[in-house]
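> As a plain string of letters, each chain reads:
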Amino acid sequence: MTTLLKEIRHNPLLWLLVLVPVVWAAQLIKPEAHTLLFVLSVAAIVPLAALLSRATESVAAKTGDMIGGLLNATLGNLTELLIALAALRAGQYVLVKSAIAGAIVTNALCMLGASFLVGGLNHHVQEYNRNNARFLASLLFLATIALLIPSVTAEADAPFTQTVSLGLSVLLIVTYGLGLLFELKTHRELFTGADHTEPDEEAWPLSLALITLAVVTVLVALVSEVFVESVQQAATALGLSPAFVGFIIVALVGGAAEMASALSAARKDRLDLSVGVALGSAVQIALFVAPVLVFLSYVIGPAPMDLQFWRGAVAMMLIAAMTASLVTNPGRSAWFLGVFLLIVYLIFAMTLYLLPPRI
Amino acid sequence: MTTLLKEIRHNPLLWLLVLVPVVWAAQLIKPEAHTLLFVLSVAAIVPLAALLSRATESVAAKTGDMIGGLLNATLGNLTELLIALAALRAGQYVLVKSAIAGAIVTNALCMLGASFLVGGLNHHVQEYNRNNARFLASLLFLATIALLIPSVTAEADAPFTQTVSLGLSVLLIVTYGLGLLFELKTHRELFTGADHTEPDEEAWPLSLALITLAVVTVLVALVSEVFVESVQQAATALGLSPAFVGFIIVALVGGAAEMASALSAARKDRLDLSVGVALGSAVQIALFVAPVLVFLSYVIGPAPMDLQFWRGAVAMMLIAAMTASLVTNPGRSAWFLGVFLLIVYLIFAMTLYLLPPRI
Amino acid sequence: MTTLLKEIRHNPLLWLLVLVPVVWAAQLIKPEAHTLLFVLSVAAIVPLAALLSRATESVAAKTGDMIGGLLNATLGNLTELLIALAALRAGQYVLVKSAIAGAIVTNALCMLGASFLVGGLNHHVQEYNRNNARFLASLLFLATIALLIPSVTAEADAPFTQTVSLGLSVLLIVTYGLGLLFELKTHRELFTGADHTEPDEEAWPLSLALITLAVVTVLVALVSEVFVESVQQAATALGLSPAFVGFIIVALVGGAAEMASALSAARKDRLDLSVGVALGSAVQIALFVAPVLVFLSYVIGPAPMDLQFWRGAVAMMLIAAMTASLVTNPGRSAWFLGVFLLIVYLIFAMTLYLLPPRI
Chain A
1 MTTLLKEIRH
11 NPLLWLLVLV
21 PVVWAAQLIK
31 PEAHTLLFVL
41 SVAAIVPLAA
51 LLSRATESVA
61 AKTGDMIGGL
71 LNATLGNLTE
81 LLIALAALRA
91 GQYVLVKSAI
101 AGAIVTNALC
111 MLGASFLVGG
121 LNHHVQEYNR
131 NNARFLASLL
141 FLATIALLIP
151 SVTAEADAPF
161 TQTVSLGLSV
171 LLIVTYGLGL
181 LFELKTHREL
191 FTGADHTEPD
201 EEAWPLSLAL
211 ITLAVVTVLV
221 ALVSEVFVES
231 VQQAATALGL
241 SPAFVGFIIV
251 ALVGGAAEMA
261 SALSAARKDR
271 LDLSVGVALG
281 SAVQIALFVA
291 PVLVFLSYVI
301 GPAPMDLQFW
311 RGAVAMMLIA
321 AMTASLVTNP
331 GRSAWFLGVF
341 LLIVYLIFAM
351 TLYLLPPRI
Chain B
1001 MTTLLKEIRH
1011 NPLLWLLVLV
1021 PVVWAAQLIK
1031 PEAHTLLFVL
1041 SVAAIVPLAA
1051 LLSRATESVA
1061 AKTGDMIGGL
1071 LNATLGNLTE
1081 LLIALAALRA
1091 GQYVLVKSAI
1101 AGAIVTNALC
1111 MLGASFLVGG
1121 LNHHVQEYNR
1131 NNARFLASLL
1141 FLATIALLIP
1151 SVTAEADAPF
1161 TQTVSLGLSV
1171 LLIVTYGLGL
1181 LFELKTHREL
1191 FTGADHTEPD
1201 EEAWPLSLAL
1211 ITLAVVTVLV
1221 ALVSEVFVES
1231 VQQAATALGL
1241 SPAFVGFIIV
1251 ALVGGAAEMA
1261 SALSAARKDR
1271 LDLSVGVALG
1281 SAVQIALFVA
1291 PVLVFLSYVI
1301 GPAPMDLQFW
1311 RGAVAMMLIA
1321 AMTASLVTNP
1331 GRSAWFLGVF
1341 LLIVYLIFAM
1351 TLYLLPPRI
Chain C
2001 MTTLLKEIRH
2011 NPLLWLLVLV
2021 PVVWAAQLIK
2031 PEAHTLLFVL
2041 SVAAIVPLAA
2051 LLSRATESVA
2061 AKTGDMIGGL
2071 LNATLGNLTE
2081 LLIALAALRA
2091 GQYVLVKSAI
2101 AGAIVTNALC
2111 MLGASFLVGG
2121 LNHHVQEYNR
2131 NNARFLASLL
2141 FLATIALLIP
2151 SVTAEADAPF
2161 TQTVSLGLSV
2171 LLIVTYGLGL
2181 LFELKTHREL
2191 FTGADHTEPD
2201 EEAWPLSLAL
2211 ITLAVVTVLV
2221 ALVSEVFVES
2231 VQQAATALGL
2241 SPAFVGFIIV
2251 ALVGGAAEMA
2261 SALSAARKDR
2271 LDLSVGVALG
2281 SAVQIALFVA
2291 PVLVFLSYVI
2301 GPAPMDLQFW
2311 RGAVAMMLIA
2321 AMTASLVTNP
2331 GRSAWFLGVF
2341 LLIVYLIFAM
2351 TLYLLPPRI
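Protein chains in written order, with my numbering: chain A, 1 to 359; chain B, 1001 to 1359; chain C, 2001 to 2359.
Keep in mind that the hints are not guaranteed to be accurate.
As the list claims (entries may be wrong) - Incomplete in silico selection of chain B near chain C, CB under 10 Å: (1) Phe1135; (2) His1187; (3) Ile1300.
If you're looking for bench data, these hints aren't it; they were derived computationally from the structure. Ideal Cβ positions, reconstructed from N, Cα and C, are used throughout, including at glycine.
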């Protein structure tokens, strides 16, 4: 507990935690002030995500870069999953889908690019395990092929779209499970990164890390409710298109935790961890979170959700997967590769920002 | 002859050869029993394909993995060619085209994937000549670019489509010829696989192998006639869409011979032979069989055939070529790469299976 | 000056320089003879381009393969830029755009392919710096993603297309600048080709080279005016579609200078220079010339120009970038890779040639 308080005292970002109770106060007093609630809930999720990141790093510190990366991706995506669940319960399927697509694109382009850029500004050339990067980029490519299907067969009838989405969800989650078996069990020797013995910031005790994870998860779930309720009307008030909000803002807010740990790892020349977090997170959203949301929509949603995305979103996911595959192929990085990925991301973000709202 | 009989006695699959005369008997007695004829002819082609495979392996045994792979692909595709010729003569151009597209996708995804999976279950990591794999995957990519043209310019008029298809056929077959010159003559040293001195099953004498090839070819041609006549009505009776039948069933039946030799080579850690058979076969269908069928349609078909495929088929061929290129790039394989290719294949097969018949 | 005259005496191609004054004479006497003016101006640009090439090589001889390649690409593209400027001033935006798209495709497929073929006919296998090839192919891929945007969002309104084109132009030119910083300054050690100490043809003195560059630039600009005025009507007279003329003929004429130096370098086994010229030139047109033309259209054009290309052109640019990336990935070349690129180019050229004019 003392460790946690000391941490908060030294990290000004965590002072934003004070906004968590403010969100509920505002929600009770002014439930119709959507823009205010939107800004407050975004600002409150960021320190929560940072706490998650710090707690996860503590656990990861004892498990090695690769498992740590997987762990980060799993727990980092908790934020995305919780936001998507709130939207699913509210029946906002367009928001759920653009959050999924946006998270994939943001992780594979923006987070990976920012890691390469930050790493490259501190180190001339950085090496990382290309087997791991290739494996993750290939899985992402497979997922985008699957997500392409319901969109290109859109002229078929709705029952087909629903059935094929269910079938694809099963195939995706089976692939994810077999991929974990391959990476963590049968061929783990292919995925071990270079050893970095450099000592970390003092790692938290395991008990504190786990308790923090649990409590913060609940807090994120609660703030996400407020976020989802306010986001669309706030977007209209701010003159942003729903596509931009779902794709860019929700994805950046949801990914803040992983972004923080990916960048900090890149700065410390632990690029295996950065690539694992960024691509691993994109893979997990595509092959695990998306199918789980489809299954859960039968239980908690007002109607079954399919995997039919807006065609532009499918194209962006496909290009993101191909770009990530192209860039990580050599297993080496320098600052310009970060710029490269970020420019592709900016091309997409600018297009979505300028796109007239009706599309 | 004794060798052949001994072979048949020891291989239960070959007992199915008894079905070959049964097909003709059934055809004479009950020509309207389409589903029965369909099932019988499929079941009769399989042992014939196995015999072809065994005879080809005997010839290949004396010529090295690479030439053997090419030989396998050439003779294995005889089955596809004979089925396509039967369909061409009957004017069933939709069946011809979906058989071509299906054979490319099935060889590049299902056969290659099954080889990697079977090989990977028996060996931890397998290496193979990546020059050969890259060469074949690139040729496949080129062929899919060519086959894309008549489909994306579909708004143009029919004479354009016919002329451009003829031009593309010439370019494809010229590329195929120059590719063979490169692989077998000017740069053959780039394509030699690792030597495997491990002795094979007793190879047949060359004369027996060649006679078997000739006789079985004729038998396949005759059974294919029955197959083509019965397939569409049987499909309707079985509730399968024509796209699924042409793409998946015809391709699997036609490729049974190569599948058998690719899998047996993978089990013996001769992955160069497997990759050569699977990708080489896809390449040969795209760059040799397809153009030959276009040319022959002017002679034996009721009307000239073009190369305008259904857009979904083009997309699947393009994705298959890109996936094969991505997966074979490292020149190493493990079981998960097989799963990867098979999942992409399953995504396509499931979509075609679920697709409403009218599309 | 004596050097220049001696050069002209020994190079029959340069005798075509006599056509430069003939073009103006013809323009004055028979301004309505479009086909004649078209043929004359094409024939006059070729020796001018050759002179540019020779002068550039002289400068490049003192700066090493990589800088020389960049220099060649910069000055070689002067011809394209001058032709495009003449078309821009005449408000012929369709011609400008197809010249841009055609130059990208021609450089990445035809020029690179011809270099690999010519090099491969003289050398069994050639090696080159794959870092450089990868860097350029990746930049080309990024540019085609950017140029894809206004085409796939064509259903949006015109102001959106104009704004997004401006934004993309800024992103492209920023990427180009940062790419130069990376290649020439911060990471230049990654891009140095193998040393070739073999002496060149006697290099011109720097002063002669620079004066020739300046004078010939003015001449090309003047001949381009005649070319642009005559090209469309000549095309109609010759039965060629405007797409074919802009894409293939303008691109080949505009790229003649670089083609000459790329081929001569390939013959001398200086493939780093060939790849630098071919891909570097494609990259420079996509990331520098295209945005500059958009900016200049606000100043010298009759109306702002956007980056919305015909969808077929976008598809060809994207395929060209992917093919170049695939082929240059190994950093080794043999004659068949040249054939491969040229066949893809022929597929496009034949399609454009056969395409009915109305498209």
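> Tell me the hint numbers this structure goes against, listed in increasing order.
Checked against the structure, the only hint that fails is number 3, while the rest are satisfied.
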